[in-house]
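Protein sequences, first through last, are from chains F, B and R.
Using numbering that gives the first Met the number 0, the first residue of the first sequence is number 0, and each one after it goes up by one.
Using numbering that gives the first Met the number 0, the first residue of the second sequence is number 0, and each one after it goes up by one.
Using numbering that gives the first Met the number 0, the first residue of the third sequence is number 0, and each one after it goes up by one.
Hints may contain errors.
[To be verified] In silico DMTMM-like pairs for lysine to aspartate or glutamate, Cα to Cα no more than 25 Å straight-line: (1) K145/F - D134/F; (2) K25/R - E139/B; (3) K146/F - E139/B.
[Said to hold, decoys possible] To spell it out: a stretch of chain F is covered by chain R in this simulated footprint if at least three of its residues, at any positions, have a beta carbon under 8 Å from a beta carbon of chain R; those stretches are: (4) 45-54; (5) 117-127; (6) 134-144; (7) 187-197.
Note that these hints are calculated values from the structure, not bench results.
Note that the structure is predicted; figures quoted are calculated from it, not measured.
Every residue gets a Cβ at the ideal spot worked out from N, C-alpha and C, and that includes glycine.
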Amino acid sequence: MEFFTIINIGGTIAFAISGTLAGIRKQLDIFGLLVIAFVTSIGGGTIRDILIGHLPVRWLLDSSVILLITCTFILTILLKNHIDKLDKTLTFFDSLGLGFFTLRGIQEGLAIDLDISACIILGTITACFGGVIRDTLLNEIPTLFKKEIYATACIVGGLCYFLLKQLALPNELIDLSTILIIVGIRLLAVKKNISLPRVG
Amino acid sequence: MEFFTIINIGGTIAFAISGTLAGIRKQLDIFGLLVIAFVTSIGGGTIRDILIGHLPVRWLLDSSVILLITCTFILTILLKNHIDKLDKTLTFFDSLGLGFFTLRGIQEGLAIDLDISACIILGTITACFGGVIRDTLLNEIPTLFKKEIYATACIVGGLCYFLLKQLALPNELIDLSTILIIVGIRLLAVKKNISLPRVG
Amino acid sequence: MEFFTIINIGGTIAFAISGTLAGIRKQLDIFGLLVIAFVTSIGGGTIRDILIGHLPVRWLLDSSVILLITCTFILTILLKNHIDKLDKTLTFFDSLGLGFFTLRGIQEGLAIDLDISACIILGTITACFGGVIRDTLLNEIPTLFKKEIYATACIVGGLCYFLLKQLALPNELIDLSTILIIVGIRLLAVKKNISLPRVG
Chain F
0 MEFFTIINIG GTIAFAISGT LAGIRKQLDI FGLLVIAFVT SIGGGTIRDI LIGHLPVRWL
60 LDSSVILLIT CTFILTILLK NHIDKLDKTL TFFDSLGLGF FTLRGIQEGL AIDLDISACI
120 ILGTITACFG GVIRDTLLNE IPTLFKKEIY ATACIVGGLC YFLLKQLALP NELIDLSTIL
180 IIVGIRLLAV KKNISLPRVG
Chain B
0 MEFFTIINIG GTIAFAISGT LAGIRKQLDI FGLLVIAFVT SIGGGTIRDI LIGHLPVRWL
60 LDSSVILLIT CTFILTILLK NHIDKLDKTL TFFDSLGLGF FTLRGIQEGL AIDLDISACI
120 ILGTITACFG GVIRDTLLNE IPTLFKKEIY ATACIVGGLC YFLLKQLALP NELIDLSTIL
180 IIVGIRLLAV KKNISLPRVG
Chain R
0 MEFFTIINIG GTIAFAISGT LAGIRKQLDI FGLLVIAFVT SIGGGTIRDI LIGHLPVRWL
60 LDSSVILLIT CTFILTILLK NHIDKLDKTL TFFDSLGLGF FTLRGIQEGL AIDLDISACI
120 ILGTITACFG GVIRDTLLNE IPTLFKKEIY ATACIVGGLC YFLLKQLALP NELIDLSTIL
180 IIVGIRLLAV KKNISLPRVG
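Isolated chain F, as found in the complex (with noise of 0.2 Å):
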């Protein structure tokens, strides 16, 4: 297995547990969290397939994603107890997601010849929707609009991929830079707990 599959793999199974650990705290059923585990995963992959045109979307052809989505949540309410005490692995895990998923979104944008601007909202709405659709469904204004430097490093990672290109270095090199500058600021914003600033 490469480098690649892992850390998607990896972000999948972060947003699935943190999806269900979501409702749990919402008093969900278990239908309801199993479908909230789905939709913080691979809603953000959803809206940006739609968006693009790439239908079926891809989680519909490919039920090795279901089939990880279903065993992470059945895993995650058994072992609930003890995943609080997992909370760096998950921090990590969740920011490889959203370095991956940035990755995902912005070489989906490229593949159909979309330019800067629109590659990297495709990347960050990768990243980060299914976390709205997550805090939406789950009748809150979405974390994401209001506490977290999130979505910024996702595009800070972007404009720092396509300043990366112009520099003509290898590709492989240019992705593994993308994902660990978002890594990067992620990590550095939950360590230091920042925020980006109001107005109003």
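Fit chains B and R to the known structure of chain F by using the hints.
Relative to chain F, chains B and R alone:
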């Protein structure tokens, strides 16, 4: 008019009524009620059509659906004081709609060669996600996620569909059995007031 | 620059400003505000493009829209203390946007041979559903459903469009009349503080 067309119409009507009544409880104005009636009725099928890329979505091409929902809406408004007495009739049609729409979703999935898990997900989305959009627009956590054996009936029905298919029974019998299983589970759950367990 | 391009730009700007201001009232951070500005501005057209299968959605292919919204957003943030004074100008452009976007939606429907009811629905969605997504993300029941003659203006304008078409008037005149009718109804409703009746 054949059997399945009647069920389809019955389900559409039941869903449109349920949307209108939910909107009245939230004090929407006339236009808001109309939108909620539409969304509850065709929301699930719309999401399914988008996910599989069957665009334009079907109801845009079929003004008889638009007419049916509009008429149902007007009648619901005019007769709303009498509809509570129809409670059992409504639950019955709503359950039939649930069964029929699940079957439709599964068949759409099979038509583009999706595998079993994706087909069952499509069936459940077709049957249940109109209600999810309704509740989200009305600023509530979807009932589906908290209180009812609703989606569970769809999932169990979907599993039975593929089980029966293994037995090489005639298609009509499989279709009918699937609908009956879903209707049966749903009506039983309503009658016995059964819910899914919560985690937490 | 021709007449309709100017109205289109005016409408996009007015919708972006209205989204930003709504977000400020909800204390979103900078990124949240930017997303709400985008969603309010292009949400309706995005849903329309998805429903009719015109993918990738248009704004992904047109970075001038992205740039326009981003600049409007930055100016709104910088000048927010002065924008309240612009209240009437804003309402005017917002109404123009409403008229223009309704017309756009109707024309997109006609371009793929949809019938009258579907075209009017598409027009209304194009004009109004950016605001619906905005309110849903901000965790409120869409204003559209509760307080305002907004969608009604679009529906009446749409009906007039097809009525005028029967009279075989020149296209430019029909287009202009439709926009004027919608703007007129909307401005009158704002001035007289007219709402739709509730049922209940």
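Residue count check for the stretch 45-54 of chain F against chain R: does it reach three with CB-CB under 8 Å?
-> holds (count 5)
Does the stretch 187-197 of chain F contain three or more residues whose Cβ lies closer than 8 Å to a Cβ of chain R?
-> holds (count 4)
Given the hint that K25/R pairs with E139/B, test it: the Cα-Cα distance must not exceed 25 Å.
-> The hint holds at about 18 Å.
Is the hinted pair K145/F and D134/F satisfied, with a Cα-Cα distance of at most 25 Å?
-> 12 Å, holds
Three residues minimum, CB to CB under 8 Å: does the stretch 134-144 of chain F make the cut for coverage by chain R? Let me know.
-> holds (count 7)
Go check the stretch 117-127 of chain F versus chain R for me, would you? Three or more residues, Cβ under 8 Å, otherwise it fails.
-> holds (count 3)
Take the C-alpha atoms of K146/F and E139/B, compute the straight-line distance between them, and say whether it is at most 25 Å.
-> At roughly 22 Å apart (the allowed maximum being 25 Å), E139/B and K146/F satisfy the hint.
Violated hints for the displayed structure: none, as all numbered hints are satisfied.
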